[in-house]
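Undergrad: Generate coordinates for the entire structure from the input sequences, incorporating the hints supplied.
2 protein chains.
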Amino acid sequence: MNFPSKLIEQAVSEFEKLPGIGKKTALRLVLHLLKQDKESVELFSDSIVRMRSLIRFCRNCHNISDNELCSICESLKRNHSLVCVVESIRDVIAIESTNQYHGLYHVLGGVISPLEGIGPEEVNIESLAVRCSNGDVKEVIMALNPTIEGDTTIFYISKKLQSLPVKITSIARGISFGGELEYVDDITLGRSIATRMPYENYLVHRE
Amino acid sequence: MNFPSKLIEQAVSEFEKLPGIGKKTALRLVLHLLKQDKESVELFSDSIVRMRSLIRFCRNCHNISDNELCSICESLKRNHSLVCVVESIRDVIAIESTNQYHGLYHVLGGVISPLEGIGPEEVNIESLAVRCSNGDVKEVIMALNPTIEGDTTIFYISKKLQSLPVKITSIARGISFGGELEYVDDITLGRSIATRMPYENYLVHRE
Numbered sequence: 001m002n003f004p005s006k007l008i009e010q011a012v013s014e015f016e017k018l019p020g021i022g023k024k025t026a027l028r029l030v031l032h033l034l035k036q037d038k039e040s041v042e043l044f045s046d047s048i049v050r051m052r053s054l055i056r057f058c059r060n061c062h063n064i065s066d067n068e069l070c071s072i073c074e075s076l077k078r079n080h081s082l083v084c085v086v087e088s089i090r091d092v093i094a095i096e097s098t099n100q101y102h103g104l105y106h107v108l109g110g111v112i113s114p115l116e117g118i119g120p121e122e123v124n125i126e127s128l129a130v131r132c133s134n135g136d137v138k139e140v141i142m143a144l145n146p147t148i149e150g151d152t153t154i155f156y157i158s159k160k161l162q163s164l165p166v167k168i169t170s171i172a173r174g175i176s177f178g179g180e181l182e183y184v185d186d187i188t189l190g191r192s193i194a195t196r197m198p199y200e201n202y203l204v205h206r207e
Numbered sequence: 001m002n003f004p005s006k007l008i009e010q011a012v013s014e015f016e017k018l019p020g021i022g023k024k025t026a027l028r029l030v031l032h033l034l035k036q037d038k039e040s041v042e043l044f045s046d047s048i049v050r051m052r053s054l055i056r057f058c059r060n061c062h063n064i065s066d067n068e069l070c071s072i073c074e075s076l077k078r079n080h081s082l083v084c085v086v087e088s089i090r091d092v093i094a095i096e097s098t099n100q101y102h103g104l105y106h107v108l109g110g111v112i113s114p115l116e117g118i119g120p121e122e123v124n125i126e127s128l129a130v131r132c133s134n135g136d137v138k139e140v141i142m143a144l145n146p147t148i149e150g151d152t153t154i155f156y157i158s159k160k161l162q163s164l165p166v167k168i169t170s171i172a173r174g175i176s177f178g179g180e181l182e183y184v185d186d187i188t189l190g191r192s193i194a195t196r197m198p199y200e201n202y203l204v205h206r207e
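Here the protein sequences come in this chain order: A and B.
With the numbering used here, the residue at position 115 of the first sequence is 115, and numbering never jumps.
With the numbering used here, the residue at position 94 of the second sequence is 94, and numbering never jumps.
Among the clues, some could well be false.
You can't tell identical chains apart in this list, so a pair holds if it fits in one copy or across any two.
Below, a list of computed lysine-lysine pairs in the DSSO-like style, where the Cα atoms sit at most 30 Å apart [said to hold, decoys possible]:
#1 K167 to K17
#2 K77 to K6
#3 K138 to K160
#4 K38 to K17
#5 K23 to K77
#6 K35 to K160
#7 K6 to K38
#8 K38 to K167
#9 K77 to K24
#10 K167 to K23
#11 K138 to K159
#12 K167 to K138
#13 K35 to K167
None of these hints come from the bench; they were simulated from the model.
These numbers come from a predicted model, not from an experiment.
TA: This is the structure in structure tokens:
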């Protein structure tokens, strides 16, 4: 594409660096911003720079935070004996959106992946062990994606914590609510029968 | 969605205002920027603010420009007796990308649309008439989208320019190269036979 303006070209090439944004979409976004008034474009731009420069990571759980401790770790309403282990901040936001979980989190920032050269030291596992060793934490819930890397990480963490008086659980795996049996993959369906749950638990979900 | 950080929330809500960007995509873009170093985020942000505050519109053709005249109107390599009338800047970029056109442009900035309350005064038609009246322009090529509004605008412009010694043409309408006859709509196919072109012209396109 030939641009009649260097300024537009630069802005388009910056937008293009974002994931999932191609040249045509980048141009559409830039031309949209061009139509907005200067103040709202500055607001847009400021919010990004401020976010990047002022954001911190929670000292306790590595979640993103505006302060030294994130709002979840700081809250007295949350159950501090429960820690949910997730891969990324996005998982925290997804679980928070359910409004079903009232414990704390621990953001690993990745999963162990020998193929990509990510060892246990690259992810926040050591700090999880420290958190679990002070006696406050009673249960650690594993909420990692069911990939080889996720399962490896769960296994590593469970070994690491086995000497501590902490119960290790995993989020339930099975058929989605709304999922139709005939379209479910064999492994999920087979394991959902092997790991069937009491009817009382099923009712909890229906509330 | 509940965000653990106000800074993230603000940045996400700013991204969400862009066309075609929903909450989940906005979050993905923000978390991507969060992972970049501060300098590249500032570069991203600067390019947008600079684009918005420094961009100008060409005095001659209303195209976007870094200076008073756009690089196309300024170029001595372009044919200044040819003016292609388009609706938006995006159309200029599309035509420039073909590398087939070497004349100038005239960006209307919209089309006449009585339904949306856009009259001939709201689009840059008057300045086109002024450009055509000084004798330099020999031909005006209409390259508007084939909608009712586009056709109305072409009709209005042709009436406006009819007393001037300017030839008015339209970009060719017909079957796309690569289009298959059986899938083409009836109007296009019917008109493509009625407005068939000499074989020599067909060969030009095959080059």
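Undergrad: With identical chains, the pair K167 and K138 could be close in the same copy or across copies; at 30 Å between alpha carbons, which is it: within, between, both, or neither?
TA: within (6 Å within a copy, 84 Å between copies)
Undergrad: Reference check for the pair K38 and K167, CA-CA at most 30 Å: within, between, both, or neither?
TA: neither (55 Å within a copy, 40 Å between copies)
Undergrad: Give the relationship of K77 and K24 under a CA distance limit of 30 Å: within one copy only, between copies only, both, or neither.
TA: between (47 Å within a copy, 27 Å between copies)
Undergrad: For K138 vs K160, is the C-alpha pair at or below 30 Å within one copy, between two copies, both, or neither?
TA: within (15 Å within a copy, 81 Å between copies)
Undergrad: At most 30 Å between alpha carbons: which applies to K167 and K23, within, between, both or neither?
TA: neither (50 Å within a copy, 36 Å between copies)
Undergrad: When Cα atoms must be at most 30 Å apart, do K23 and K77 count as within-copy, between-copy, both, or neither?
TA: For K23 and K77, only the inter-copy Cα distance (27 Å) is at most 30 Å; the intra-copy one is 46 Å.
Undergrad: Taking 30 Å as the upper bound on the Cα-Cα distance, should K167 and K17 be classified as within, between, both, or neither?
TA: neither (43 Å within a copy, 44 Å between copies)
Undergrad: As a check of your reading, is K38 near K17 (CA-CA no more than 30 Å) within one copy, between copies, both or neither?
TA: Answer is both; intra-copy 23 Å and inter-copy 15 Å each pass.
Undergrad: Go through the copies and call it for K6 and K38: within, between, both or neither, with a Cα cutoff of 30 Å.
TA: Both, since 19 Å and 23 Å are each at most 30 Å.
Undergrad: How would you label the pair K35, K160 (within, between, both, or neither) given a Cα cut-off of 30 Å?
TA: between (56 Å within a copy, 28 Å between copies)
Undergrad: Within, between, both or neither: how does the pair K138, K159 come out at a Cα-Cα threshold of 30 Å?
TA: Within. Shortest intra-copy distance 16 Å satisfies the 30 Å Cα cut-off; inter-copy 82 Å does not.
Undergrad: Could you place K77 and K6 in one of the four classes (within, between, both, neither) given a Cα distance threshold of 30 Å?
TA: between (53 Å within a copy, 19 Å between copies)
In this structure, the earlier hints numbered 1, 8, 10, 13 are contradicted, and the remaining ones agree with it.
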